[in-house]
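Chains L and U, in that order, are what the protein sequence lines are.
Going left to right, the first sequence walks through residues 1 to 112 as the working numbering numbers them.
Going left to right, the second sequence walks through residues 1001 to 1114 as the working numbering numbers them.
Don't read these hints as lab results, they were simulated from the structure.
Don't take every hint at face value.
[To be verified] DSSO-like cross-link-like pairs, simulated, lysine-lysine; straight-line CA separation at most 27 Å:
| # | chain 1 | residue 1 | chain 2 | residue 2 |
| --- | --- | --- | --- | --- |
| 1 | U | LYS1071 | U | LYS1057 |
| 2 | L | LYS99 | L | LYS70 |
| 3 | U | LYS1071 | L | LYS99 |
| 4 | L | LYS67 | U | LYS1071 |
| 5 | L | LYS111 | U | LYS1057 |
| 6 | L | LYS99 | L | LYS42 |
| 7 | L | LYS2 | U | LYS1071 |
| 8 | L | LYS42 | L | LYS2 |
| 9 | U | LYS1014 | L | LYS56 |
| 10 | U | LYS1014 | U | LYS1057 |
| 11 | L | LYS67 | L | LYS56 |
| 12 | U | LYS1057 | L | LYS99 |
| 13 | L | LYS67 | L | LYS2 |
[What the hints assert, rightly or not] Covered stretches of chain U, going by a simulated chain L footprint (3 or more residues, C-beta under 8 Å):
| # | segment |
| --- | --- |
| 14 | 1036 to 1042 |
| 15 | 1050 to 1062 |
| 16 | 1102 to 1111 |
Backbone N, C-alpha and C define an ideal beta-carbon position, used for all residues, glycine too.
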Amino acid sequence: QKEVEQDPGPLSVPEGAIVSLNCTYSNSAFQYFMWYRQYSRKGPELLMYTYSSGNKEDGRFTAQVDKSSKYISLFIRDSQPSDSATYLCAMTGNTGGFKTIFGAGTRLFVKA
Amino acid sequence: DTGVSQNPRHKITKRGQNVTFRCDPISEHNRLYWYRQTLGQGPEFLTYFQNEAQLEKSRLLSDRFSAERPKGSFSTLEIQRTEQGDSAMYLCASSLGTDYSGYTFGSGTRLTVV
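Build the full structure now, drawing on both the sequences and the hints.
As structure tokens, then:
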């Protein structure tokens, strides 16, 4: 079993839809939870990070962490074609130089 | 500073040849990480440096792989006697400080072993 599980999709939605992306994990030592966006042939770009449980909002993006369930989510409101990319969840603990473990990524297509 | 720079962007090599990739991190970042990403997968940790010290290496990093970061500046990743299974995107990332602040990734070096 992988430490971080993420449905690879693809997920296809119409423009303006609310998108929900999710990951589960098994290591209770994880304390920082991140979402990266990766466009084709590019490196991942950090979207948001959250420390411990709770919600964090940044514009159209909301990240949620439920440590009791070992479950994290990213919501995208009013999705745009420019949001089409692969979304990687990632997490790390306080040790090992913040070595980060990534999910497999979910491919998202937003249709105009 | 325009971010993390990786060279070359693409490398095609014959099986058995040696290859070397370079990463120039953001200048004030003290941590540097190497990851490998294959199609349809997330990045997998290979190794990381704090300044010039290599502090951790993954089991994925066989004896054919070596990484250096002389003087805590740029880093190189060398693969000796390449195999077809080494074909992947090699990503470099850097970060700053003692607390977590996320990585800044480069655009990667895509290696194809034929």
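How the hints compare with the structure:
| no. | hint | result |
| --- | --- | --- |
| 1 | LYS1071/U to LYS1057/U | 19 Å, holds |
| 2 | LYS99/L to LYS70/L | 19 Å, holds |
| 3 | LYS1071/U to LYS99/L | 21 Å, holds |
| 4 | LYS67/L to LYS1071/U | 40 Å, violated |
| 5 | LYS111/L to LYS1057/U | 41 Å, violated |
| 6 | LYS99/L to LYS42/L | 21 Å, holds |
| 7 | LYS2/L to LYS1071/U | 36 Å, violated |
| 8 | LYS42/L to LYS2/L | 24 Å, holds |
| 9 | LYS1014/U to LYS56/L | 47 Å, violated |
| 10 | LYS1014/U to LYS1057/U | 26 Å, holds |
| 11 | LYS67/L to LYS56/L | 14 Å, holds |
| 12 | LYS1057/U to LYS99/L | 10 Å, holds |
| 13 | LYS67/L to LYS2/L | 17 Å, holds |
| 14 | 1036 to 1042 | holds (count 3) |
| 15 | 1050 to 1062 | holds (count 3) |
| 16 | 1102 to 1111 | holds (count 8) |
When held up to the earlier numbered hints, the structure conflicts with 4, 5, 7 and 9 and fits the remainder.
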